[in-house]
Amino acid sequence: MQRNHNHTKICIVEKVIDETPTVRTLIFTDDVLSTVLPGQFAMVWIPGINELPMSVMISQESGKAAFTVRRHGSASTGLFNVQVGQQIGVRGPYGNSFDLKQGKLLLVGGGTGLVPMMRLLTFVKPGDDVTVLIGAKSKNEVFFEDLANNLLKNNNHRVIVTTDDGTYGEKGFVTSMVEKLVNENHFDGVYTCGPEIMMYKTVQLAHSKGLFVQASLERMMKCGVGICGSCCVGEDLVCRDGTVFNGDYLLSNKEFGHSHRNKAGILENY
Amino acid sequence: MEPSLVTSIGKIQLERPVMLASGILGISLDVFNRLYRSGAGAVVSKSLSTEPWDGYPNPTIFSVNGGGWINAVGLSNPGAPNFAKMIESNNDVPIIISLVGSIPDDFEMMVKQFKNCKVTAYELNLSCPHVAKVGLEVGDDPELVKKIVSTVKNSTDVPVIAKVGLGTTHYLNTVNAAIESGIDAITAINTIRAMAIDVETQRPILSNKFGGLSGTPIKHIALRCVYEISSKYNIPIIGCGGISTWEDAVEFILAGSSAIQLGSAIGDNWIHVFNDINHGILQYMKRKGYSNINEMIGLAKKS
Chain A
1 MQRNHNHTKI CIVEKVIDET PTVRTLIFTD DVLSTVLPGQ FAMVWIPGIN ELPMSVMISQ
61 ESGKAAFTVR RHGSASTGLF NVQVGQQIGV RGPYGNSFDL KQGKLLLVGG GTGLVPMMRL
121 LTFVKPGDDV TVLIGAKSKN EVFFEDLANN LLKNNNHRVI VTTDDGTYGE KGFVTSMVEK
181 LVNENHFDGV YTCGPEIMMY KTVQLAHSKG LFVQASLERM MKCGVGICGS CCVGEDLVCR
241 DGTVFNGDYL LSNKEFGHSH RNKAGILENY
Chain B
271 MEPSLVTSIG KIQLERPVML ASGILGISLD VFNRLYRSGA GAVVSKSLST EPWDGYPNPT
331 IFSVNGGGWI NAVGLSNPGA PNFAKMIESN NDVPIIISLV GSIPDDFEMM VKQFKNCKVT
391 AYELNLSCPH VAKVGLEVGD DPELVKKIVS TVKNSTDVPV IAKVGLGTTH YLNTVNAAIE
451 SGIDAITAIN TIRAMAIDVE TQRPILSNKF GGLSGTPIKH IALRCVYEIS SKYNIPIIGC
511 GGISTWEDAV EFILAGSSAI QLGSAIGDNW IHVFNDINHG ILQYMKRKGY SNINEMIGLA
571 KKS
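So the protein sequences, as listed, match chains A and B.
At position 149 of the first sequence (counting the first as 1) the number is 149 in the working numbering, and the numbers step up by one without a gap.
At position 157 of the second sequence (counting the first as 1) the number is 427 in the working numbering, and the numbers step up by one without a gap.
Heads up, a few of these hints could be off.
Mimicking DSSO-like on lysine-lysine, the simulated pairs with C-alpha atoms at most 30 angstroms apart in a straight line are [stated by the list, open to error]:
no., chain 1, residue 1, chain 2, residue 2
1, B, Lys385, A, Lys254
2, B, Lys479, B, Lys403
3, B, Lys502, B, Lys281
4, B, Lys382, B, Lys403
5, B, Lys355, A, Lys263
6, B, Lys388, A, Lys263
7, B, Lys502, B, Lys571
8, B, Lys403, A, Lys263
9, B, Lys423, B, Lys388
10, B, Lys281, B, Lys479
11, A, Lys139, A, Lys254
12, B, Lys355, A, Lys254
13, B, Lys388, A, Lys254
14, B, Lys479, A, Lys263
15, B, Lys385, A, Lys263
16, A, Lys171, A, Lys139
17, B, Lys479, A, Lys9
18, B, Lys382, A, Lys263
No lab work stands behind these hints: they were computed from the structure.
These figures come from a predicted structure and were not determined experimentally.
Kindly produce the complete structure, drawing on both the sequences and the hints.
Listed below in structure tokens is the structure:
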């Protein structure tokens, strides 16, 4: 029987991987979530604590899925603290996905925004030339570099890490590296997910060069199904119309890169 | 001649009879514009309070197997003053402002916020089933309802609607109290208090434990209420509860609704549902030979 994707399914966390001191990956068995598209998300229930939207992380084993979570607010900290053997509830998948071009591709990820980027890497064609940019504040916050290299081992590829403080990889903001790369190369597709200011600059830079660019947005989300309205960005709902939007469309949105709504629905500037 | 979807709810005239119900998608003027372009005859805002409210923690929504939703969003809203500022620039979209409060002063203060805004009507939320001291707890007290309705009516010339639901007082007593105090129309009904329990973790799913049941499971209850109100009172009615198809909408009109509201159907069918229903009503009117909505209102009571 096909599962009602809006209905919460209880899964047991089977493995927990520490990616950094503040980021963990939780692996569980679920056929439906193991095969989602890059950009799609699930609503994840931590019983007794909260429920939050999470991009679905890939797993190396078939039939398994994962969430990679940064300890931040009460909900994400609740998920971060889930131990092996504990139950979580999942519903979804929700949302659209990236329109993957072929040829020379640039992926720009920051923090847990790397999750949909890693899934995107599982969809690239053998002939694609792929550059992955990983932005982090400092060395101890870098993760998924080895994974990206591993996923791209059959492609022409580069994985470039930038740290704001220069403690690892290239020193500086990841968007400075984006600027350098788009000035020196033509890309057939640019894809980004991470902090909104990073995405905003990446979209602007790629768009200014006439490149096809898409970003996967994050917003305060309550229902995940287009009812509560919490995740609106201008006239769009991230849960129903996104999470992935075209760059040229986003640049015409007066809220993208500038403001987001809080729990009460009040616009706050970034 | 092409039939007309124009409908009148007392003094309120709308181009189309299908509105967005309160609580759904209602925090951004850009989204209101989109819904209006998508076929909504009017949009009802989230219920606004005097101050911003965050609402309850997640989970705030539960999908009922077989159809329908239980929600306890907790009336999250930016507060009437912030909301009024946001819609000051609106000229095009018929916006109905939903208000929630505990005492007449709350409502009076909020109505004042909208003096520079184009407001089609106010809808008083006397029926939210999952927040203490407001909503249904107010609606269950007909004397308080009278005071609130009188206060709002004295504060504005804009039509005022009361949204009623199924609480501990018979809802017709609430309707009666609102009518006695000069209400212009009734919206019936709100969600019905309900809950969901997860059998694996053995705990209620919603963080608030109780929420409001909406969608298909309540449609025939809502329809019965509309029929009862329209049979007993001469007051314009907006039908609400489980409407997701044009047949549902026509049923509510035949029961006595001048217009209808929907919310849950958006979760299932997204915002195409407005135009789908408008189109279906038009085809029905053509087939049956009606030229306007008014000819159909309450027809089911004749037989």
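Each hint, compared with the structure:
Only pairs whose Cα atoms come within 30 angstroms are accepted, and lysine 385(B) paired with lysine 254(A) is accepted, the gap being roughly 27 angstroms. With a C-alpha separation of about 17 angstroms, the suggested pair lysine 479(B) and lysine 403(B) falls inside the 30 angstroms cut-off, and the hint holds. For the suggested pair lysine 502(B) and lysine 281(B), the alpha carbons sit about 20 angstroms apart, so the restraint of at most 30 angstroms is met. Note on lysine 382(B) and lysine 403(B): the hinted pairing holds, with a Cα-Cα distance of about 22 angstroms set against a maximum of 30 angstroms.
In summary, the hint linking lysine 355(B) to lysine 263(A) is supported, as the alpha carbons are separated by about 18 angstroms, within the 30 angstroms threshold. Proximity of lysine 388(B) to lysine 263(A) is assessed by CA-CA distance (about 26 angstroms); at most 30 angstroms being required, the pair is judged to hold. Proposed proximity of lysine 502(B) and lysine 571(B) is supported: the alpha carbons are some 11 angstroms apart, at most 30 angstroms. Straight-line distance between C-alpha atoms of lysine 403(B) and lysine 263(A) comes to about 21 angstroms, which keeps the hinted pair within the 30 angstroms bound.
At most 30 angstroms may separate the alpha-carbon atoms for a hinted pair to count; lysine 423(B) and lysine 388(B) meet this at roughly 17 angstroms. A C-alpha spacing of about 40 angstroms is found between lysine 281(B) and lysine 479(B), which places the hinted pair above 30 angstroms, so the restraint is violated. A distance of roughly 34 angstroms separates the Cα atoms of lysine 139(A) and lysine 254(A); the hinted pair therefore is violated under the 30 angstroms criterion. Distance hint between lysine 355(B) and lysine 254(A) is fulfilled; the C-alpha atoms sit about 17 angstroms from each other, no more than 30 angstroms.
With a CA separation close to 23 angstroms, the supplied pair lysine 388(B) and lysine 254(A) stays within the 30 angstroms bound. Taken as a hint, the lysine 479(B) and lysine 263(A) pair is honoured in the structure, with Cα atoms around 19 angstroms apart against an allowance of 30 angstroms. Pair hint lysine 385(B) plus lysine 263(A) holds up; C-alpha atoms about 26 angstroms apart against a cutoff of 30 angstroms. Between lysine 171(A) and lysine 139(A) the CA atoms are separated by roughly 11 angstroms; this keeps the pair inside 30 angstroms, and the hint holds.
For the suggested pair lysine 479(B) and lysine 9(A), the alpha carbons sit about 18 angstroms apart, so the restraint of at most 30 angstroms is met. A distance of roughly 25 angstroms separates the Cα atoms of lysine 382(B) and lysine 263(A); the hinted pair therefore holds under the 30 angstroms criterion.
Taken one by one, the earlier hints fail for this structure at numbers 10, 11, listed in ascending order.
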